[in-house]
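Start from chain A and add chain B according to the hints.
2 protein chains.
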Amino acid sequence: MKTFPSLPKSVEIVEVCPRDGFQSVKEFIPTETKIAIIDELAGTGIKTMEVTSFVSPKAIPQMADAAEVMAAFRAKWKGRVTSVALIPNLRGAEGALAAEADWMNFVVSASEDHNMANTKRTVEESLAEMEKVAGLRGSTKLRVSVATAFACPFAGPVDPGKVLRVVDRALEAGADGITLADTIGTADPKYLAATLSVIREKYGDYPFTLHLHDTYGMALANMLTALGMGFASFDAAAGGLGGCPFAPGAAGNAATEDMVNMAEQMGVDTGIDLLKVLAAVRKMQSAYGLKIASHLASTKKGLEGNCPS
Amino acid sequence: MKTFPSLPKSVEIVEVCPRDGFQSVKEFIPTETKIAIIDELAGTGIKTMEVTSFVSPKAIPQMADAAEVMAAFRAKWKGRVTSVALIPNLRGAEGALAAEADWMNFVVSASEDHNMANTKRTVEESLAEMEKVAGLRGSTKLRVSVATAFACPFAGPVDPGKVLRVVDRALEAGADGITLADTIGTADPKYLAATLSVIREKYGDYPFTLHLHDTYGMALANMLTALGMGFASFDAAAGGLGGCPFAPGAAGNAATEDMVNMAEQMGVDTGIDLLKVLAAVRKMQSAYGLKIASHLASTKKGLEGNCPS
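Chains A and B, in that order, are what the protein sequence lines are.
If you read the first sequence in numbering that gives the first Met the number 0, its first letter stands for residue 0, the second for the next number, and so on.
If you read the second sequence in numbering that gives the first Met the number 0, its first letter stands for residue 0, the second for the next number, and so on.
For reference, chain A alone in the conformation it holds in the complex (with noise of 0.2 angstroms):
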């Protein structure tokens, strides 16, 4: 770039630490604590959260107080925060809807062998069930998340082609929204525009959402190279934490306070207060023990004086 790329004036930050941050850690949360930390995240000025997922409590063991976290969410930020909760089949479908989620996000692989891994099913046998969800979602919102959409931890670089599969389906099923997930954080800037130009030459501007991990510190490399793509919507978890339990390797989400930071410094408009954030991911590691993975939260001196803009 001979001439740094014009940015979007603002950006969505939604915030997945209470889904995919708490997912990864092995030792359950109490449910006190979880609604605890979703209220501070939740008043950082964020309009959307995915609180929780509805998922085999088999399989995830620390998402099985799914219904109860979303009740206390929704009795105390209906209205103001908008609730997300991640499924990835019928019968998180029917718990989603039970559980009066604003949105659900239905998560299908472009890849197939994480498809099997993360939900045993063939990626047809996903958007088959992504169609009967579609079919009975009634007046809530849903949202298609492309897992591994620019590589796979067991097939490596992934086809745009099996993307624009899962997107053209996801779009004829009438999804109201989609994310495109670098869920092992192994795509490169160079990567990650490659298969965004397919995507915007066949899409134009729908606006995407992007799901980035910081797994090899590309996730805001990443970032820069999205926006200056005209994307503006980005997933975020206070703290860094997060990771795919069936993706080796996946390490943490992009940091909530590392995206602000680095926006907000650019002129990109969150609409999230930096040191709420902070003061909640200080919070999370000091009086509850989460092992905090953030670059921001790592700095002692804050950010006083500090930043050149």
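It cannot be assumed that every hint is accurate.
Since the list gives no way to pick out one identical chain from another, each pair is judged satisfied if it fits inside one copy or across any two copies.
[To be verified] SDA-like, lysine to any residue: derived pairs with alpha carbons at most 20 angstroms apart:
no., residue 1, residue 2
1, K25, T298
2, K8, A193
3, K201, T2
4, K25, A116
Calculated directly from the structure, the hints in this document are not laboratory data.
What follows is chain B alone, placed relative to chain A:
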């Protein structure tokens, strides 16, 4: 960037862990340990290493063995890996010349406040000292590092005019190379690009080296931005060690392994064997107890099968 920028075919990575990394370690690292780690790193394919610094042992006790370390390096690697010694003043230059380093790296800050904290001199006094060093260097090469070229921990954003002032004087004094340092890692890609544009406008294609810290996780995003503007030389520290003792808030350097990984995935040749760097870093951690801060060295699964390109 609507289209991804074209990147250089290859980049130079300068290994600065033995200087910038070690100086951030509080407990004295025994000289034999330093030499053992340096030998490991010198065998990774790098062409240039900042081996030590000739500074007041009162100010930085960790570097008290500079002469011994440089002698050991030259005995083994002379003619194969170029040796650099950092110096802050004339006295340091005398030490570096006596030790027969291939290059001296004279550091002066663009920001008055940081220069005073770092060297107890005004910028003008440091520039005059630099000119004296240039006069007595003989066949030894002289690099000038512009510290706080983007932001200062005390004064905030640094006016590019202050950077040009130092660069002008360095070139007039006959410097053989110039490094621009984001000493505290607060530069965001947009801010970095703005200063680098001013630099490009004045000095054309002069091959500056960039020295980036990863305090806020923006090192790779900044590297990507600089690569896209044609900059092709970067300092990096194995394990992400580093930090300026006189810059509050500074954290580790961009990690060699993280930079090499991203560059090589994007098809930018570094000449460095990533697995050898990782082996050295894991040994720095397990055998010598150094605290590692890189992304790559924190992954459990290594790299096999995870790279999309």
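Against the structure, the hints come out as follows:
1. K25 - T298: between (26 angstroms within a copy, 17 angstroms between copies)
2. K8 - A193: between (23 angstroms within a copy, 18 angstroms between copies)
3. K201 - T2: Answer is between; shortest inter-copy Cα gap is 15 angstroms, intra-copy 26 angstroms.
4. K25 - A116: For K25 and A116, only the intra-copy Cα distance (19 angstroms) is at most 20 angstroms; the inter-copy one is 45 angstroms.
Hint check: no violations occur; every hint is consistent with the structure.
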